[in-house]
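Asker: So the chains spell out like this:
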Amino acid sequence: MQTVTIKNLTKNFGSSVAIDNLSLNIEKGKITGLIGADGAGKTTLLRTIIGLLLADSGEIDVLGFNPKTQKDELNLHIGYMPQKFGLYEDLTVIENLRLYADLKGVTHDFDKMLEFTTLAPFQDRLAGALSGGMKQKLGLACTLLGNPEFLLLDEPSVGVDPISRRDLMKMVREMINPETTVLWSTAYLDEAHSFDTAVVIDKGKVIYEGKPHDLASTPQEFENKVIDLMGGYNKEESLIAKNYDYKAPDVELTVEADNLEKRYGNFYAVKNNTFKIRKGEIFGLLGPNGAGKSTSFKMMCGLAKPTSGTARIMGTDIIRHPAKARSNLGYMAQKFSLYGSLTVRQNLNFFALVYGISILKRKEKVDEIIEVFGLKEYEKCPADELPLGLKQRLSMAAALIHNPPVLFLDEPTSGVDVLTRRDFWNHITSLAKKGVTILVTTHFMDEAEYCDRISLFYKGQTVAVGTPKELKQKAGANDMETAFINLIKESEVK
Amino acid sequence: MIRDFLRRVAALIKKEFITIWNDPKTKGIIIGMPLMQLLIFSNTSTMEVQNIDTVILDRSKSVESRELISRFEYSPRFRNFYYVDNEEDFKKQFDVQKVQIGLNIPNDFSRKVKSGKGAIVQVVSDGRQTNSAAIGAGYAGQIIAGYSNDLIGNPDTGLNITVRHWFNPNLKYKWYILTIIVSMLSLVTTLILTSLSIARERELGTFDQLIVSPLSSFEILLGKSIPPLCIAMALTMIMTGIIIIFFKIPFVGSVLLFLVSMTISLLAIVGVGLYISAISNTQQQAILSAMTFMMPAVLLSGFISPVEDMPLCLQYLTYLDPVRFFMVLSRGIFLKGMGISDVIANIIPLLVIASITLTLASRTFKRKLG
Amino acid sequence: MKILIALIKKEIKQILRDPSSIIIAFVLPFISIMIYMYGINLDSVKITMGVKNDDNSPEVATLVKSFGHSKYINSINYDNMEDIKTAVLSSKIKGAVVIPNDFSTKLSRGEKADLLVITDGSETNTANYVQSYATTIANQWLSSSRFSRKIKRPVITAESRTWYNPDLNSHYFIVPGSIAITMTLIGILLTSLVVAREWERGTMEALLSTSIKPIHIVLGKYIPYFVLGMMSMAFNVFLCVGIFKIPFRGNYFILFVVSGLFLFTSLGIGLTVSSKLKNQFLSSMVAMSLGFMPALMLSGLMYPINSMPEFFQHLTRIIPPRYYVSFIESEFMAGTIPEIVIANAVFLTILGCLLFIAVYTNTSTRLDGNK
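Residue numbers (my numbering), protein chains in the order written: chain A, 1 to 494; chain B, 1001 to 1370; chain C, 2001 to 2371.
Listed below are several chain C residues computed to face chain A (Cβ distance under 8 Å; list not exhaustive):
hint	residue
1	A2006
2	R2017
3	D2018
4	G2202
5	T2203
6	E2205
7	A2206
8	L2208
9	S2209
10	T2210
11	K2213
12	R2366
13	L2367
Worth flagging that the hints you see were computed from the coordinates, not collected in a lab. Where is the CB? At the ideal position from N, CA and C, for every residue including glycine.
Let the sequences and hints guide you as you build the complete structure.
Answerer: As structure tokens, this is what we get:
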């Protein structure tokens, strides 16, 4: 039994090919993982399957419907969660649920849903005020309403912490019945490894289709195999690090957080957060969504004003001399925040100039960074039209362009494909070796292993600090993910 | 130091221009919409009332009444005539808005004219139609007075009133209204351009990136105010050029003074727009606040009725209204050739408004951080 | 149906949560009407003008006095033309009257006496006032002075009547006109943002993946803003008639029905622009240019449509406020006149339906705009 049958599907956007003569079957009652590099055509494929986009040629049959002519009937049977889920940020949690329940014509019985998502205590909070993980849970909850026969999830776990990621997975597995088909696009290969089927696409074509366990028995191996399928990753000398030219700082402690606190009424978003980072260190800030990482981050770079305490970058107080402190800083925000209507090159030109790269050197510098981040073929493309992973690359490129001695990266690898993630970390570690100080947050626990030291953050406070090895020992775990979950649970008990 | 400053501001300015200029739709709308409106409104805004439709109830049916009516028929301002023979039909024509003016000639008209006792012709106008009906009634009165004078022969006594309209010898309404339309269109465009500029970046999340960069509040302020100022200036100059060339309105003032005062006027409006933008969280709030500012600002600018005629408290309020000074300056320099001291007197309040709003805006960038 | 109700409920919550829509619907009309009532006066505008008298005879002194005593004029005496020039240039005075030194001599001789009236032609409105005030005052003075014997009386006098507004109170037509402006603003500007916002924020994609139909999206926007608009309308009418005592001679039922039709067309303009452009900045710019400004300038509110060049007279036929302004002024001042109500209502209905079709065809349930 097939839920989806696709034959010779083609979809072009202007002159660029998004889906190239693709044929694919998706089996009923199975969870299928959709994997692919950034810009491989995953989102376009999902949108075409449910009729949000029309194919140029080829045939699609979904649940016996033709998405081209029977979109309305088809949509009654599916649940689709777009990458940027359309929550109404000015409505509350419960109002969003009610809206989608009414749109799908199902009853307002949310108890089970709220319990599953642990959103029950927050049901009257505006969706815009939720943390990233909570938003994803709410988006998934809205998608799951009405028990659709066919679920399509476009990277639902982007920017979600390991605990919430497990929750999301659990939600899907427990809320569906054995008849439900799931098509799950993801960048987490451990996730994909646990699915029934994996489909790897590249440049709009299917390059692998089969059981993940047939390809490899462990998630780690699976990741390597997928990387091989996608052309393989050759670790090369990081060109960015090689050409990185900056004055070695004369201070040893390049980043200091001094008793940072952020209070909203009686609620502490961040409480006496103190840490010091040495030159050339990669310092990881880990923690569940809503733990206060982003708030800390924002206070560190002067985007939010601490209630008390301060931060120093290269010895300069961020509150008293913000402009001077920031000139030493490269910042990559969690949410894509470059100019959508500007092209890739124009964005980079802009940040190069703002960060004081002289006009003569600018072109050389921008050329170089476009080359290194593989943005050459997109340089004339408006940033808005880039796929998520390429947007992240562009943000990283913009943060690095002025060779700052300190880098703040807030979830740099969210939504980035596995190849590019490895590439990112190659650059990050090489930069650290050259003496660049890096403060980073991530939800990929394998990435945490790259950090020199990690601060584990929970409910606004530091729960544990140490090297990855120390933390694993402390938690009595073999891998970071288990260590993370154990340590959080431990502090919960306290 | 100063080079870094210039470089950063230049980068920001360039970015703002690219966002507008990259997109043909945006470019077309910002330039095309005001020009299209100028073209239409310049043709339609007229107080020289024409094509007046008239209903006539002639109870006299005499040589004199025919003569009077024929004078109306020959007047270029009057178009269609409807002849009725009773009051009811007369009123009906008004009710359904078929006519704007009515002439009611009584049956003793001819007799009274002949006896020189003073005949009365009733001129009725439709009070529902702005002042055009009143103007039409004025024309009718002139025609009647002209006929009356012809009947008694030119009086050689009385007053010989000569009216001289300075700066606009034929008192062409177009000269006046076109300078106002140009200011209005610049005002609307500038206000929309600026009030959305920061609010949009906030809604899309890009404003954080600017704050984290080494750009100081002052630099952001410059980067945010110069591009709309340039666009608004260019637009104003294009529109001014059009009304000089195509509508042959003489520009009598000093070009330099005009440029300086337009720049400062637009700067004050840019300041208001940016301040609105800085305090708004969403684009909707920004645009609606801009409207809430604009409506009273235009109404109180003196364009609809003179400032001196307002209650005192409102007169003081107009000192906060950049549109007031903007209109005085544009019209004053353009048509009257206003001198430097008068220009300065009007520029000072604008400078005060600009500096207050711009300062408030740049302070709000940061205060909004939370 | 359930889908539609859900969308409407959502929209209403969004309206209530954002104070700016409440401000535009209730606060702005209040401010506007206040200004129209107290700040703007088109009936008896008081003008500052200069008087220069070169004739020292006592009769002429009374003429100068009557300028000073007129309640429409604030007169300032000048001795030389240079000062008058400076004062006009700086807009201190809007015009002047110059009485030559042979003024009374000529009048006593039974000749025509010259009188010079100067106006600031750069403001044509006030220039007209200066001209007519000066002429009227001078003529009145003349007819009551001892020189009047020498003047022949005119054989025909025109007696002016203004129907529907015999007191010539301009508030009676300006304030109903301001209702038309407010209704345009709510109908066009607010809605020009609301569809574009869903595209910009990404909520549209999630909506479209449900079995929602274009008609749901369209009605889900029309209905809540229609309700908001009608509430604002009721508030406006309450202010006009209840608080500011503007006479209303028509029928409230008809007033609200035709206002509803007008709102229907305005919403159509805003939503067409919004669903076509999908960008809040551009659609607000276009909505202002295609919706709001024409409502001011081409509706007949400020300029008589009859006097426009013929091509533009035809152009105004596609502008909904034209019909509404004509209707609302008449309904307020003359009462219900079936011909006027029907003619305007029919045109509004036709335009409203055409715009509804435009909104509907621009609403797609696919991302690339295919039907």
